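Asker: In order, the protein sequences belong to chains A and B.
In terms of the working numbering, the first sequence opens at residue 6 and continues consecutively.
In terms of the working numbering, the second sequence opens at residue 6 and continues consecutively.
A couple of the hints might just be wrong.
Computed cross-link-like contacts, SDA-like style, restricted to lysine to any residue with a CA-CA straight-line distance of at most 25 Å [claimed, not checked]:
no., chain 1, residue 1, chain 2, residue 2
1, B, Lys579, A, Met190
2, B, Lys422, B, Glu399
3, B, Lys513, A, Ala571
4, B, Lys313, B, Gly258
5, A, Lys308, A, Phe296
6, B, Lys513, A, Met190
7, A, Lys67, A, Glu91
8, B, Lys495, A, Arg86
9, A, Lys143, B, Ser161
Derived from the structure by calculation, the hints contain no laboratory data.
For clarity, every value in this text was computed on a predicted model and none was experimentally measured.
There are 2 protein chains.
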Amino acid sequence: MYRTHSCGALRASHINTEVTLAGWVQKSRDKGFMIWVDLRDRYGITQLIFDEERTSVDLMEKAKSLGREFVIQVHGVVIERESKNENIKTGAVEVLVTELIILNDSKTPPFTIEDDTDGGEDLRMKYRYLDIRRNPVKENLLFRHQVSMEIRKYLSNEGFIDVETPYLIKSTPEGARDFVVPSRMNQGQFYALPQSPQTFKQLLMIGGIDKYFQIVKCFRDEDLRADRQPEFTQIDCEMAFVEQEDVLHTFEGLTRHLLKEIKGVEVDSFPRITYDEAMRLYGNDKPDIRFGMTFGELNDVTKHKDFKVFNSAELVVGIAIPGGASFTRKEIDKLVDWVRRPQVGALGMVYVKCHEDGSYKSSVDKFYDQVDLERWAKKIGANAGDLICILSGETNKVRAQLSALRMEMAERLGFRKADEFAPLWVVDFPLLELDEETGNYHAMHHPFTSPKPGQLELLNSRPGEVKANAYDLVLNGNEIGGGSIRIHNKQIQAMMLKHLGFSDEEAKEQFGFLMDAFEFGAPPHGGIAFGLDRLVSILGGQETIRDFIAFPKNNSGRDVMIDSPATIANDQLKELNIKLDTQE
Amino acid sequence: MYRTHSCGALRASHINTEVTLAGWVQKSRDKGFMIWVDLRDRYGITQLIFDEERTSVDLMEKAKSLGREFVIQVHGVVIERESKNENIKTGAVEVLVTELIILNDSKTPPFTIEDDTDGGEDLRMKYRYLDIRRNPVKENLLFRHQVSMEIRKYLSNEGFIDVETPYLIKSTPEGARDFVVPSRMNQGQFYALPQSPQTFKQLLMIGGIDKYFQIVKCFRDEDLRADRQPEFTQIDCEMAFVEQEDVLHTFEGLTRHLLKEIKGVEVDSFPRITYDEAMRLYGNDKPDIRFGMTFGELNDVTKHKDFKVFNSAELVVGIAIPGGASFTRKEIDKLVDWVRRPQVGALGMVYVKCHEDGSYKSSVDKFYDQVDLERWAKKIGANAGDLICILSGETNKVRAQLSALRMEMAERLGFRKADEFAPLWVVDFPLLELDEETGNYHAMHHPFTSPKPGQLELLNSRPGEVKANAYDLVLNGNEIGGGSIRIHNKQIQAMMLKHLGFSDEEAKEQFGFLMDAFEFGAPPHGGIAFGLDRLVSILGGQETIRDFIAFPKNNSGRDVMIDSPATIANDQLKELNIKLDTQE
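All chains, please: the whole structure from these sequences, using the hints.
Answerer: Shown next, in the form of C-alpha cells:
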C-alpha cells in the first residue's frame with residue numbers, strides 16, 4: 006500500500022502521527038527556505054511542508070523539482086499548521102516531510118486542474134482523464150454512482166430482479182436507426198445493438214419474472230442533437246399483473262426515494278396531468294411546473310373584434326410574465342425579436358401591459374378596449390404588474406412557440422431553481438402520432454403500447470384520437486421516464502403492427518418471436534424506462550448530460566480521446582465478409 | 006393490481022381471508038364434481054378448489070376449460086386444506102374460488118414447465134421465455150441477481166465507484182477478435198465492442214478515481230467452445246496506489262464475503278501458490294484443491310533402470326488414486342484407453358497398485374523392483390490401497406494429460422463436491438507466453454501487465470522466464486478472476502509493445518492515447534476482473550454458465566429464440582457505406 010491515509014483524512018487529532026500519503030502535486034509554493042506543496046487525491050488536499058531548518062538539503066532540492074501533476078509518495082509527521090485554512094477539511098494540519106518518492110513525473114497539463122479550468126470543451130474531452138481529476142467532473146461521477154446504487158437498492162428491496170438482457174440482438178427498422186454488428190460466424194448476417202431491451206423485458210414477463218429492472222446501455226444511431234449520445238444508459242423496468250396505477254405508484258415511490266435520499270427533498274404525491282391538458286396549459290408534454298405562467302386560450306374573447314391576425318388563427322394563446330409590465334419598449338422589442346428567431350419561429354407577438362393602477366396598455370389598442378384586455382388578463386391569470394404575451398397561429402406551432410417563450414422567461418426570471426424539484430406524471434398520451442411529412446401514423450411510444458380500454462374501435466375511424474395506456478414522468482421540464490401498459494395479446498399486437506404499416510411478413514419476421522410468445526400465456530404487463538444520464542444531471546442540478554458521463558462522445562459520435570471510430574484492418578473486413586462501398 | 010397476494014404467500018393464518026390471486030395454471034385435476042387447480046407464479050404455487058356444492062355451474066364449466074399455462078385471475082376465500090401438503094409453503098390452505106377471469110389462454114407448451122422437463126436444450130432455448138418459468142432456471146436468475154447485488158454493496162462500501170465505460174470503442178487487433186460496428190456518421194470507420202474496459206479503467210486511475218468497479222458486458226468474437234458466449238459479463242475492478250498484496254487482500258475480502266453471505270461458508274485466508282508450483286503439483290494453472298492427488302515427479306527415481314520410455318521423457322510424473330488398488334484389470338485398461346483418447350492424448354500409462362500388505366504390483370515390473378516402486382509411492386504420497394498412475398513425455402503435454410486424469414478421477418470418486426468451496430490465488434504468472442506455432446511471444450495476461458521488479462532486464466535475454474505481477478483467483482478448479490499490476494510508465498509500455506511485435510506506428514495508433522496519458526502523472530495501479538457468469542454458476546454449484554444467463558446464445562453465436570443474427574435491409578447497408586463481399 007502506497008499510503009496510510011488519504012489526502013482528505015488528516016485532522017488536528019492526527020498531530021504527531023507518522024503518515025504516508027500519495028497523490029498528485031496540485032501546486033507548490035517555493036519561498037526558497039520553505040516549500041509548501043498541496044498534495045491532492047480523490048479525497049482532498051493535504052499541505053506538505055519542507056523547510057531548511059528541518060529538512061535535509063537533498064530533500065529540499067527534490068521538493069523544488071516537483072512540477073504540477075507529478076505523482077509522489079511522502080512520508081512525514083503531521084504537525085499543526087500555523088495559518089489554518091478553514092476552507093478545507095485538512096486545513097488544521099500539514100505534513101512535515103521526511104521522505105519523498107517521485108512515483109511518476111508529468112508534463113505540464115494542457116489545462117489547469119482546477120474547479121474553474123482554462124480548458125475548453127474540446128481540449129477537456131481529448132484529455133478527459135485529466136478533466137476527471139477536476140472536482141466538478143469527479144463529483145459528478147461519484148454522484149452518478151450514488152444515484153445508481155440507491156436505485157438498485159430501492160428496486161431490489163421492492164422485489165425487482167436485475168436481469169441482464171443481450172446486447173447482440175436483431176435489427177428492427179421501426180423507430181430510430183440501429184447500430185449493427187456483422188457476424189463472422191454467420192456470414193452476411195448482422196446483430197444489432199439494442200435501442201432498448203423492450204422485447205426482452207416483455208419476454209421476461211411472459212417468463213414469469215414479474216418484477217424486472219436493469220441499468221443498461223442502449224444505442225441509437227441518430228444524427229446527434231446537442232446533448233444526445235449514441236450510447237446512453239436506461240433504468241429499464243417492467244412488471245407483470247399490473248395496471249397503469251400500479252406502475253405509477255411504484256415508480257413514484259422510487260423517484261420520491263431518490264429525491265429524499267439524494268437531495269434531502271420530500272415531495273408529496275406527484276400531480277398528474279393528461280397529455281391534452283399539458284399541451285393546453287403548457288404547450289408542452291413535459292411541462293416545468295416549478296413555476297406557473299400557464300397558458301390562457303383567448304380565441305373566444307378575441308374573435309368579436311376586427312383583428313384579422315387573431316380571427317384567422319387556429320389558436321390565440323397567451324401567458325403572463327410576472328413583473329413584465331415594467332419592461333421598456335426596447336426590452337419588449339427584444340422579446341418580439343426573440344420569438345421571431347428561426348429557432349422559435351413565431352411571426353409576431355402581441356403584448357398587454359397590466360399596470361398597477363388596473364389599466365392596460367397593449368400593442369393592439371387599435372382593436373381592443375380595456376374591457377377586452379381585462380377579460381384576457383383574467384383568462385390568463387395575469388396580475389397587476391405583469392406583461393401578457395400572446396401568440397397566434399396553427400395550434401401545434403403556437404403552443405411550441407409560447408412554451409419556448411415561457412421557459413426562456415422563467416430562466417431569465419430565475420424561476421428554474423436547480424435545488425427545487427417538481428415532478429409530475431403526464432398520462433393519457435395519444436397512441437399514434439401523425440407524421441406530417443408522410444401522412445402516416447406511427448407509434449408515439451412504441452408499437453407494443455396498448456390502447457386505453459374500449460378505444461380499439463377508434464383505431465380505424467379516428468386513429469389520431471386513440472389514447473394509450475402510456476405515461477411520462479417529468480421532472481423540472483425534462484422527461485426523465487416514460488412507459489406504458491403493453492399489449493399482451495397476439496391479435497391486438499398484429500392489428501397494431503398493421504396500422505403502423507407493417508406487412509404480415511415484416512411483422513412476423515421482426516416480432517414473430519414476441520407474438521408467438523403471446524400465445525403461451527402472456528400475463529398483462531407494463532413498465533417504464535428512465536434515462537439515467539438525464540435523471541442524474543437534473544438531480545445534480547445541471548443541464549448537460551455529458552458532464553455526468555465518464556467518457557462521452559462528441560456531436561459527431563466520436564470519442565476524441567481514443568480517436569474512435571477508426572478504420573479497421575482489411576483482414577478484419579475480409580473475415581467479416583464485408584467491404585467498404587467506396588465506389589459509390 | 007391484479008392480485009392481493011402472490012401464489013407463495015398464503016398460510017394457515019390467512020384462513021377465511023378473501024384474496025385475489027393471479028398466475029399460471031400449473032395443472033388441474035378434474036374429478037367431475039370437484040376441480041383442483043395449481044396456480045403458479047414467481048413466488049410459489051397455491052391450490053385452487055372448485056366444487057359442485059359451493060361453486061356455481063357456470064364457474065365449474067369455466068374451470069373445466071382451463072388448460073396448462075393459461076393465465077388467470079381468481080377471487081375467493083382461503084380455506085383449510087383437507088389433505089395438507091408439507092412440501093410447499095402454501096400447503097396448509099387452498100382457495101375456494103368465487104370468481105375466475107381468464108386473462109390469457111395458452112397453446113400447449115412445447116415442453117413441460119416442470120423442474121425436470123421433457124424439453125431438450127434446443128427446444129428450451131427457442132422457447133426460453135417458457136424455460137424461465139421453470140424453477141431451476143428462474144432460481145438461477147434470482148441467484149445471479151443476489152450475487153450481483155452483494156458484489157455491488159460490498160465494493161461500494163469499500164469505496165469503489167461504479168463508473169460506466171463506453172461500449173462503442175476502438176478495435177485493437179491484439180488479443181481475441183473484436184466485434185466491430187460500422188459508423189454511419191464517420192463513413193469507412195468502425196467502432197469496436199470492448200473485450201474488456203481495460204484501457205478505460207486505467208485511464209480512470211490516471212484520472213484519480215482510485216477505486217473503480219463495474220459489472221459490464223464484454224464481447225469476444227471467438228469460435229465458441231462449449232460454454233463460451235460471445236457476450237459475457239465481467240466484474241471489472243481497478244485500484245490506484247496499490248501493490249499486488251493490496252489487490253489480493255481486497256478481492257479476497259470480496260470473495261470471502263460472497264461465500265459467507267451467499268453460501269453461508271466461512272473460508273480462512275486463501276492459500277497462495279505460484280504458477281510454477283501449480284503447474285508442478287497440479288499440471289494446471291487453475292487447480293481444484295478440494296482434494297489432494299498432487300503430482301509427484303519421478304524422473305530422478307526412474308532413470309537408473311533400462312526403461313526407455315521413462316529415460317527419454319522430459320517429464321515422468323504420477324498421481325495416486327485413493328482406493329484404486331482394487332481396480333480390476335478391465336477397469337485399469339479402460340483408464341488407459343481414457344488417457345489415450347484424442348481429447349487427452351497420452352501415449353500410454355504406467356500404473357502401480359499399492360497393496361494393503363505393503364507390496365506393489367506395477368505394469369513395469371520387468372524394469373523396476375519393489376524398492377523402486379516404494380520410492381515412487383513415497384514421492385507421490387501414495388498410501389496402501391491407492392493406484393499410482395504415471396504418464397511421461399514432453400513436460401507441458403504430460404502435465405495437461407495428467408491434470409485431465411486427476412480431474413476425471415476426482416469427479417468419478419465424488420471429490421468435486423458442489424457445496425465445498427476451495428479458493429486459492431495463483432501468483433507469479435509468466436509475463437510472456439511462447440506461441441509454439443509462430444515462435445513469437447505474446448502477453449500471457451495482456452500487454453499492460455507489469456513485469457516483476459528487477460526482471461525487466463531479462464526481457465531481451467530470456468523472455469520466457471520473466472515473471473509478471475499477475476494473479477488469478479481460482480475456485481474449485483475454475484479461474485474466476487484474473488488481474489495484474491499494470492505498467493504506468495510510457496517507456497516501459499513502449500518496450501513491452503515492441504517485444505510483443507508492435508511497430509512504433511501500430512503502438513501509437515492503437516494505444517497512443519494510453520501512453521500519452523502515462524505522461525501526465527499516471528499513478529501506480531492494478532486490478533482484477535472476475536467472470537460473473539462463471540462465478541455465479543460455481544457458487545450455484547453448477548457447471549454450465551448458460552443456465553445462469555437469461556437469454557444465452559448457442560455455439561454458433563445465434564440466439565435461436567429471436568433468430569439472430571439476421572440479414573439487414575439493403576438501405577441499412579447503403580447508409581453504412583458497406584456491402585457484402587459475396588463475390589469472393
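Asker: Please write out, lowest number first, the hints stated earlier that are contradicted by the structure.
Answerer: 2, 4, 5, 6, 7 and 8
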